[in-house]
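These are the residues of each chain, in order.
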Amino acid sequence: MMTIQAREGHTAPTNESQRSRWPSVASAAKRGDGRRWKKYTLRRFADDAFTYTTLIIVSLIFVFPCLWLVLASFSKSGSLYDMRGFFPAEYSAQTFVELFTDDVNGLYPYKKWFMNTLYVSSMSCIFGTILVILTGYVMSKFNFKGRNGVKKLTLVLGMFPGFMGMTAIYIIMAQLNLLNRLEALIFLYSATAPMGYLVQKGYFDSIPNNIQDAARIDGASNLQIFWKITMPLSKPMLVYTALTQFAWPWSDCLLPKLILKSRDQWTVAVGLYSMPETHFSRFAAGSVFIAVPIVILYFFLVKHIVSGLTAGAVKG
Amino acid sequence: MKRTVSLILSIMMLLWCLPIASAESDMYKRVTARFTGQLEQGVTIKVLENATAIELGYADELIAAFNAAYADKGIRAELMDIDQYSDLATDGPYGYGPDVWYQANDILMKYATKQHLLPLPVYGLESWELIPENAWNAYKMTMYDEDFYCGIPLNVQSGMMFYIESMLPDNWETEWDINQNGTPDFFETYTALYALSADIQQNGGKTKYGYLDDLVDVYFCVGYMLSGGAYVFGDNNTDPADIGLNKGDAAKGANMLRQWADLMNNTEVLDGAFASAAYGYLADGTMLCTVTTPDVRAMFIRAMVNTGKWTKEEAEADLKMINVPRLPVSLDLTADNWQDTITQMDTLTMQTKMMGGINGYGISAYTKCPNASLAFIQFAASYEQIIARNKALGISPARSDAAETIGATDPNVALIFSNLDTGYIDVMPAINEVAQIWTPGQSFLIDLCTDAFRAERGEEELYADLEDIQKGLDRMVQQILDAIFTLS
Amino acid sequence: MAQARLKETQAKENIFFYRLMQALAKIWKAPWQVKASVLVMGLGQICYGQIIKGLIYLACLAGLIWYFVTTGAADFIGFFTLGTQQEDLWLGIPGDNSMNMLILGIFAIVIGLFGILLWITNMKDCLFTAEEVKAGRKPRSFRETLRHMADDKFHVTALTLPMVGVTIFSVLPIVFMILIAFTNLGGDVVYPKLADWSFDAWSKLLNVDKLSGTFGKILSWNVLWAISTTLINFLGGLGLALLLNKPNVKGKKIWRAFPILAYAIPGFISMLGFKFMFSQSGPINSMLTSAGHDAIFFLTNDASAKWWARGIGLFVNAWIAIPSLMLMMTGYLGNINTDMYEAAELDGASKFQQFRKITLPFVIFSTTPVLIGQFVGNFNNFGIFFFMRSGVISNYGDYFLASDTDLLINWLYNLSVDNNYYSVGAAISLIIFMITSTVSLAVYVRSNAYKQEDTYQ
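If you're matching them up, the sequences are chains A, B and C in order.
Be aware that the first sequence starts at -6, since it is given in my numbering, and climbs by one per residue.
Be aware that the second sequence starts at 11, since it is given in my numbering, and climbs by one per residue.
Be aware that the third sequence starts at 6, since it is given in my numbering, and climbs by one per residue.
I should point out that these hints are in silico values taken from the structure, not numbers from a laboratory.
For clarity, every value in this text was computed on a predicted model and none was experimentally measured.
Some hints here could point you the wrong way.
In silico DSS-like links for lysine-lysine, alpha-carbon gap of 27 Å or less [said to hold, decoys possible]:
hint, chain 1, residue 1, chain 2, residue 2
1, B, Lys124, A, Lys250
2, A, Lys134, A, Lys296
3, C, Lys158, A, Lys138
4, A, Lys250, C, Lys198
5, A, Lys296, C, Lys215
6, A, Lys228, C, Lys258
7, C, Lys40, C, Lys143
8, A, Lys69, B, Lys257
9, C, Lys198, B, Lys39
10, C, Lys158, A, Lys228
11, B, Lys322, A, Lys69
12, B, Lys322, B, Lys216
13, C, Lys129, A, Lys144
14, B, Lys330, B, Lys216
15, C, Lys257, A, Lys228
16, C, Lys158, A, Lys144
17, C, Lys31, A, Lys138
18, C, Lys362, C, Lys251
19, C, Lys40, B, Lys378
20, A, Lys69, B, Lys216
21, C, Lys215, B, Lys257
22, A, Lys138, C, Lys34
23, A, Lys250, B, Lys216
Input sequences plus hints: build the corresponding full structure.
Have a look at this one:
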């Protein structure tokens, strides 16, 4: 629905080919191991030097802003302008303590925001995942009338600049009496999740049909096939889907800003967005705290992410 | 005029016990009909205060005081925890807006012109007499061919000069007080301030800069043009088709901004974010003085305490807020000898006009409890609460009695009040179209003030003489007109 | 070609007409229970003894009738009038809210269509039962119906909930937006003023020079932005993946961790962080000034910031997007059959030749849909300049309510959200839609991935 960058990375439409890439993603590194250089030549040295220099530079580019933010969160004085140069003059963990203990007379109730975000993200994750997986599965394995129509329609809908619908969503939520309620967000995120079903479809496409057919001959119903056969085979996709469904509400800012009114109801993203420069270290600490869980998740699940991102890819 | 009428009326009322409404128009009676004076029972008034008042704790005090005072009357108030820039037009109709809203007059009036705020029965209020007409006008609007007031003025916002006394140059009493009046000369005229700033930047001093300020904030900078005879909207700030920001000696006024930009030679002053950086910069000795509104006084105090060099009490005593210096009649910061501007102050300089705002309370048209809301506003605008608000936030009251009390010990409050009364504070227009002046205005100021860097980058200067500046101002006015009328 | 298509549609129409006649004939010949169902939804089912199912249909009918009697019918009429009585908030005269009426009107139409759909399925269901009975079988029990829905009709059952959700929260808002473009909502005409249907927005877009001029300028930058970000991100992702795939890189997991870190951090935090970093008083400028260099206008208001800000936008976007593309590319590279490289090596092909002849074609082949997605996403990349430059207005004179880095989508936001020009904003978003969909369709149809799918099906 929203076309902001944060989401865009996760829902890249994938190719719909059905060649089998099942069951696992071949490790890219394997290929290289077979072709080692025999001797340490000058050429190899130059290659090493080039490779590692580039790697170091690239890593620095990626890690430096994160490091900066982390260090800023440990700054003793709050404002961005008290830092001369990149780094704070004095360090202290005070900001993190304040983040949770001092809400500045209700202006920045971070603890509440964090719990709200957690609630919205986990609920949307559960419902969104169920809906997307169902949609992807049906669109992949069932040939029914109107299937192509649905496919084309979702493609077309995806091309609309999403937030133009925000005014409408606001009114709909007002009619449903859901304004200023976290449930409104859960509804929204879960309900619009099936729009990004293509990734899941790509994955199910790669599960050979004959597994299904065999079960069918054995007398299994479609529900049983889905639940007892396909789902256990789809763990990587489930994990990837759940992760993206979780990460989107976790970092979305526009929709909560539209729907949530009271500061008490805000999610972390809205709260951080509202913080002025004078509360920079609070912002940094809040950012670090919200980023850490998701970073850990990503690191643990990186394998599934790769298989999700390349779901339905072509084999060469 | 209105005030006299209503004064006479109230005398009449006292004499013959006639209801005050007798001479009020039918329309006035109809639109204020819901203000019966009968407090709605068992209601909770949702109050939206501004973030600074909440952050510094005054808002909670106010609510507590109100609830204590009205405990036996069956109404209570509570702070709304929505954003201070709530959009009443979208929140209100669905019941998520505040009942009572504290904001600057331009924001409140933006909603009032679309009827989202109620016209108030002002003639019956205690403060009607006590608040000068200029302040009331900030909340005046015309509907059904009649004037109504959609807010109660609380405090006057206008640029004030902030500095820390202990940061003054050591030699100011000998070198910079030639009229021996105990006020540093550089806070008396801008010519002297310019000279001091140039001196500090060249020869160093306790601070890195003398005067440093955001030069692209239309609200503060337009004062230079206003002093040169420009105006925002014609017909007493009510005619959006007549924009006067390029009229009179506006170009000369704008040229002074260029002079400042040349001197400051600092890119931070071209960024709106400077306003929030300013607190720290004053405290850490980056600059000696800056101009901003009185209600952020406490932010400076906090920044000073944060440095560890002041305790809260010391900071309160050390931070000074004074009226902005006078501008040279020549509208040129370098044309006169600064000493002359002090010795011949009356002939060479004039009082600076500033744009100002009137912050106050309005009542949402979607409120279920107009009478209770009105009671709250009256409470918050009462003498005691204004004094308390001043203590907590340093605001300058719009009420004459409160201004008098505070003015007795704080001459600046008295000064702001008299500036408002005498028209040296030009209150932001109350019409909707004022929203369209900021962006084109800022765009022009940026263009003007970056001229200082164009030369360094080897580019051609765009505002080398007054003629170019005049053209720039004309362009800006055209852009404002475009923004107002293109799509209407 | 065109003629063939015409024939096709004609044929389709004929088929539709033919089918309709057939269906009517079927109902005509069917037993009375079916006819009862035509009149009252669910009645036929009850007559066949399918009590629960029949009652459910009946309940739906009752619900529909209740809805249309209480609000639906009025909402439907409101869709056309967009309000007749203006509200006066001061005098307390209640009135209509055009925007609400529009959306409730659309909702009434959707419910109406849903009702018709339900009515048709009800008839079909009854016809089916009638045929079963005719063939001497018993009508399905409720339990059998449930089983049937979980099995044979699994796809319908499974898709119902997603469809309802998408209809309400995606389709409805988009339809609303499209329709807004054909009203005069916005500017002065906002609640409590009443709106009307009109082509105002389109004539303004065409006739007001300021609008069309701004549109042209923003569009050309937007196209440049979309192409360059897509290229940069694609090449960056591929390059990084290739680099990390090199056999002589030790500790791949550790090296890969840094980009993943950037990928995992919520996008808006990165964007706001970079905004602070490049701000006028931020660390980079304060380092520059303390090193004796002049501060640079990175993201600020000044006209000279135009290309700095655009460049920083490209950089930050790359910083955020490259890691995910890198992961994706890593996956794709792992899919390449290694035999091909070995064969190429035997043939004496250089590394570069291998890259050009094997790797690149394969990667492009498999990522075309992704690239299209990237292009559309970047074309409508709202976040970057919203988070990094909102409130900034460099080169204001050249643009109408926009800044020189704004993309169409940001301009849209300024117009419709910040300044309430709803109808003009909606018209522009329709144009954006036409551009992105045309470009992506054109590319997609030409791509190998599409051709391959074509041959597959």
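Hints not upheld, ascending by number: 5, 8, 19, 23
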